[in-house]
Amino acid sequence: MTEFQDIVLMKGNEAIAYAAIRIGVDGYFGYPITPQSEIMETLMNEAPWTTTGMVVLQAESEIAAINMVYGGAACGKAVMTSSSSPGISLKQEGISYLAGAELPCLIVNVMRGGPGLGTIQPSQSDYFQAVKGGGHGDYRLITLAPASVQEMADFVDLGLQLAFKYNNPAMILADGVIGQMMEKVKLPAYRRRRTEAEIREQCPWATLGKPATRKPNIITSLELDSVIMEQNNLRFQAKYAEITKTEVRYETIDAEDADYILVAFGAMARICQKAKDLAREQGIKVGIFRPITLWPFPSTAIDSFSAQVKGFLTVEMNAGQMVEDVRLAVNGKVPVEYYGRLGGVVPTPQEVYNALVAKFNLPN
Amino acid sequence: MSIDIDIVSPENMVYAKPELMNDTHMHYCPGCSHGVVHKLIAEVIQELDLKEKTIGIAPVGCAVFAYNYLDIDWQEAAHGRAPALATAAKRLNPDKMVFTYQGDGDLAAIGTAETLHAANRGENIAIIYINNGIYGMTGGQMSPTTLINMATATSPSGRTTSKDGAPLDMSKLLAQLDGVCLVSRQAVHTAANVKRAKRMIRLAFENSMAGKGTSVVEIVSTCSSGWKMTPAASNDWMVDNMFPVFPLGDLKNI
Amino acid sequence: MVKEIIISGFGGQGVLSMGKILAYSGLMEDKEVSWFPSYGPEQRGGTANVTVILSDERISSPIVNHFDIVIALNQPSLVKFENTVKPGGILIYDPSGIVHLPERKDISIYTVAATDEASSLRNSKLMNMIVLGGLLKVVPIVKLENVMKGLKKSLPERHHHLLPGNEKAITRGMEIIQPLG
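Protein chains in written order, with the numbering used here: chain P, 1 to 364; chain A, 365 to 618; chain L, 619 to 799.
No lab work stands behind these hints: they were computed from the structure. Here the structure is a predicted model, which is why all the values come from computation and not from measurement. The reader is advised that the hints may include incorrect statements.
What the hints assert, rightly or not - Taking lysine-lysine pairs in the DSS-like style, the calculated list, with each CA pair at most 27 Å apart, reads: (1) K310/P <-> K359/P; (2) K403/A <-> K527/A; (3) K786/L <-> K698/L; (4) K415/A <-> K215/P; (5) K186/P <-> K786/L; (6) K186/P <-> K743/L; (7) K186/P <-> K761/L.
Stated by the list, open to error - What follows is a list of derived Cβ distance ranges for each label pair: (8) N683/L <-> P335/P: 44 to 54 Å; (9) N432/A <-> E41/P: 36 to 46 Å; (10) N432/A <-> A241/P: 27 to 37 Å; (11) E198/P <-> K592/A: 36 to 46 Å; (12) D303/P <-> P694/L: 28 to 38 Å; (13) R191/P <-> P374/A: 47 to 57 Å; (14) D138/P <-> D459/A: 51 to 61 Å; (15) P335/P <-> H391/A: 50 to 60 Å; (16) S737/L <-> I618/A: 27 to 37 Å.
Claimed, not checked - On the chain L side, residues computed to face chain P include the following (Cβ under 8 Å): (17) E650; (18) S652; (19) P655; (20) Y657; (21) S679; (22) V682; (23) N683; (24) H718; (25) L719.
Each residue gets a CB set at the ideal place from its N, CA and C atoms; glycine is no exception.
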């Protein structure tokens with residue numbers, strides 16, 4: 001990391017670690033896996049337990065790490081973990097329990113190509129897993145997709161803010177490109193960790209020891225009475241509806257006059273910008289729509305372009321996952337096409353441009 | 365004959381329900397060891413004046429509802445993960461007393477990794493391990509500590525070493541780890557045993573507060589429903605069959 | 619101004635760190651920069667490459683098809699990336715171990731014998747700095763003083779005694795780079 005005035009140059013993974021220390025995260029629990037190991041390595045190197053008091057622990061498995069997150073979150077602490085695709089699969093049990101127990105926390109997934117052990121190269125094939133519920137039960141994960149190292153840093157704070165606002169786990173769904181690339185970043189200002197008294201006030205549900213003045217706090221997702229469990233579920237659904245109404249985030253670039261819109265998230269949105277420039281040089285009016293929250297998905301915002309454009313091209317580093325949500329949003333009003341590469345291959349701007357021309361029969 | 369009600373006075377009190385035990389009706393079967401161990405934990409927390417500092421971690425298994433019975437803060441863990449929750453709870457709150465309460469399916473099967481590694485790191489937590497050699501809640505299936513020849517729902521002809529391996533002695537494994545300061549195996553079938561078990565639970569909780577490392581108190585227990593015996597017969601069977609394989613006593617106390 | 623550069627070679631040749639120093643130097647000049655490496659097992663013995671983009675404007679894609687400058691430090695890299703140089707662009711390579719010479723006529727090609735020079739300096743670790751010097755001679759995209767500033771920032775303090783040696787290597791690279799043919 002290099003200090004240059006307020007701006008530093010670092011990898012996306014490193015930015016996650018530095019941001020976590022600076023905003024006063026209480027605990028990080030993780031297990032090494034490429035391409036995100038720099039997150040824990042950076043934390044161990046910075047040794048924040050000697051400065052802010054942040055706990056950083058290498059767990060024996062992804063399963064243990066997410067359950068450590070559960071134990072810390074249940075105490076009202078700001079806690080997080082990070083991993084990459086196969087490791088995130090292992091965490092799904094814990095994520096479902098966190099959602100069921102309504103615990104706030106941050107999970108970072110720096111995606112690599114799957115399925116199975118797959119490849120370590122960049123991918124976006126965990127979109128379904130993140131936004132459709134990778135674990136069991138009717139739950140939703142607030143999912144943020146950073147497209148720059150700056151957003152990697154910023155979304156640590158945003159993710160935890162949203163998690164605590166709604167008592168729900170949040171995920172940063174990044175990819176190997178954003179994790180591994182270096183860019184300029186302005187790190188967040190230092191903020192001290194909350195005191196126990198502050199946590200007791202902000203999180204009256206936290207298990208920090210029961211004073212005589214209140215009933216025991218019990219963190220659980222268990223309810224054997226199905227009628228009560230249905231009520232719990234309805235409460236979750238109402239919360240998810242509120243999040244959908246309030247927390248949608250997206251970015252558009254050159255979309256105002258666009259005839260075609262490229263829909264892409266994360267690193268793919270950056271690559272699409274270059275493809276858009278190539279198209280504009282050829283006189284094709286192309287814009288970008290970048291969902292920042294993948295859940296809640298910006299359906300209404302995407303649909304607002306349906307009357308204006310001749311078509312959408314969804315570009316993903318997977319076999320076509322987000323395109324299903326774009327199609328649901330557009331609901332057949334105009335064609336929604338898909339282009340992508342699989343298994344860790346990153347499409348180039350030229351490939352995206354070529355796909356746009358081919359899908360919509362544009363003069364080349 | 366009339367009862368002399370004058371004898372019901374505080375100075376004549378010889379026994380009372382621990383203050384931390386709720387009035388909730390327990391779901392445990394008659395003769396089950398869980399109720400006794402719950403009571404001991406409640407007494408110890410009260411005696412050590414830790415009730416405002418205690419975080420209990422409940423397991424999956426019959427004791428899943430432990431949080432309904434003790435008037436303290438609880439976290440309910442996924443099956444086997446209690447030591448991972450406890451690790452974070454204690455590290456993030458070093459001034460709290462953090463204990464897990466786990467059965468043999470939870471601790472010795474699905475949660476073996478979490479248990480061994482928390483102990484190996486010497487987490488300053490207490491682990492109360494109820495070993496009755498069977499999955500009680502799911503209806504009496506074989507567990508890692510089921511005895512050889514013991515018939516269960518998933519070993520109907522009796523457990524065999526060739527098919528299922530020998531009963532797993534987790535306490536013996538854990539006692540070898542440097543991070544562990546106390547491993548004691550107790551039972552609660554007689555008044556004398558109850559007293560000894562309580563002493564070791566107390567020591568385990570004191571160790572957590574003193575930051576001495578991981579303490580494990582195994583309670584060799586009965587499951588009269590799972591074993592299909594009366595409570596009294598269960599106690600006898602435990603003495604005759606469980607104790608030779610899981611002998612009582614301190615395996616480690618430093 | 620935007621310069622899209624790829625540096626490619628064997629793992630251990632200092633490809634990634636050369637890219638890093640270039641990116642830091644750009645940062646010192648208040649340019650927008652991006653640095654995207656090949657990563658994983660490739661770093662350990664195989665072929666490694668890094669894409670560095672320096673720009674006056676916000677950088678869109680950190681991954682591009684064609685480059686203003688390609689720096690190839692081994693034969694496989696030369697084969698792989700020769701055709702990705704933009705027409706009129708620049709290809710720099712180290713002739714050590716190169717048997718198949720580049721064939722493009724629409725680009726400027728330079729050689730910098732950095733491997734040989736580094737071994738005559740008895741420090742193979744300076745090889746990438748010699749290449750960097752050659753690059754700066756051909757395309758002064760960043761000022762030498764800013765490279766030294768960037769180097770100082772990117773090196774841990776315990777290695778700061780190595781700075782004069784690095785500067786010498788950069789200067790040497792500027793002297794020995796030459797157009798092909």
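Quick rundown of the hints versus the structure:
| no. | hint | result |
| --- | --- | --- |
| 1 | K310/P <-> K359/P | holds, 12 Å |
| 2 | K403/A <-> K527/A | violated, 38 Å |
| 3 | K786/L <-> K698/L | violated, 31 Å |
| 4 | K415/A <-> K215/P | holds, 12 Å |
| 5 | K186/P <-> K786/L | violated, 33 Å |
| 6 | K186/P <-> K743/L | violated, 32 Å |
| 7 | K186/P <-> K761/L | holds, 24 Å |
| 8 | N683/L <-> P335/P: 44 to 54 Å | violated, 26 Å |
| 9 | N432/A <-> E41/P: 36 to 46 Å | holds, 43 Å |
| 10 | N432/A <-> A241/P: 27 to 37 Å | holds, 31 Å |
| 11 | E198/P <-> K592/A: 36 to 46 Å | violated, 53 Å |
| 12 | D303/P <-> P694/L: 28 to 38 Å | violated, 48 Å |
| 13 | R191/P <-> P374/A: 47 to 57 Å | holds, 53 Å |
| 14 | D138/P <-> D459/A: 51 to 61 Å | violated, 38 Å |
| 15 | P335/P <-> H391/A: 50 to 60 Å | holds, 59 Å |
| 16 | S737/L <-> I618/A: 27 to 37 Å | violated, 59 Å |
| 17 | E650 | holds, 7 Å |
| 18 | S652 | holds, 5 Å |
| 19 | P655 | holds, 6 Å |
| 20 | Y657 | holds, 5 Å |
| 21 | S679 | holds, 4 Å |
| 22 | V682 | holds, 7 Å |
| 23 | N683 | holds, 5 Å |
| 24 | H718 | violated, 25 Å |
| 25 | L719 | violated, 27 Å |
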